[in-house]
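A.B. asks: Sequence:
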Amino acid sequence: EDGEGGPFTAASPVFNVWNGLNQTFGTRGQPQRWVNVVGNIADTNPIASLTYSPNGSLPAVLWTGPNDVRLVGTGDFNAEIDYADLNVGANALKLVATDSAGAGGGWRS
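So the number in my numbering is just where the residue sits in the sequence shown, counting from 1, plus 8.
Because the hints were derived from the structure by calculation, they are not lab data.
Please note that the accuracy of each hint is not assured.
What the hints assert, rightly or not - Only pairs whose alpha carbons sit at most 20 Å apart, straight line, appear in this in silico DMTMM-like list of lysine to aspartate or glutamate: (1) K102 <-> D84; (2) K102 <-> D51; (3) K102 <-> D90; (4) K102 <-> E88.
Quick caveat, the model's predicted, so the values are computed rather than measured.
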């Protein structure tokens, strides 16, 4: 939780970003166009909206699973970020969610 748009309560959406807060991409080239930041979001209420913004860009909608493509579990997500939207060196990613009861939560790397 990053403190923006709070206050956040225990009932707020909870993020679990897999592979940790600091992730490294592209050290051996760019095998694909996209960087994938994956994880799961959980809440006692259904998630009404979920967005991601790399490096302060405008928020983009992020879908959650399960679906028939890549998201296996309930609440799984995959933020596909184009390498062209990343800086050489450090980058920041912000995730923001709101549940159906209006509670919000955020995550920032």
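A.B. asks: Determine for every hint whether it applies to the structure shown.
C.D. replies: Results for each hint:
1. Only pairs whose Cα atoms come within 20 Å are accepted, and K102 paired with D84 is accepted, the gap being roughly 16 Å.
2. At most 20 Å may separate the alpha-carbon atoms for a hinted pair to count; K102 and D51 meet this at roughly 18 Å.
3. For the hint pairing K102 with D90, the CA-to-CA distance comes to about 15 Å; that is within 20 Å, so the pair holds.
4. For the given pair, K102 sits about 13 Å from E88 by alpha-carbon distance, which is consistent with the 20 Å threshold.
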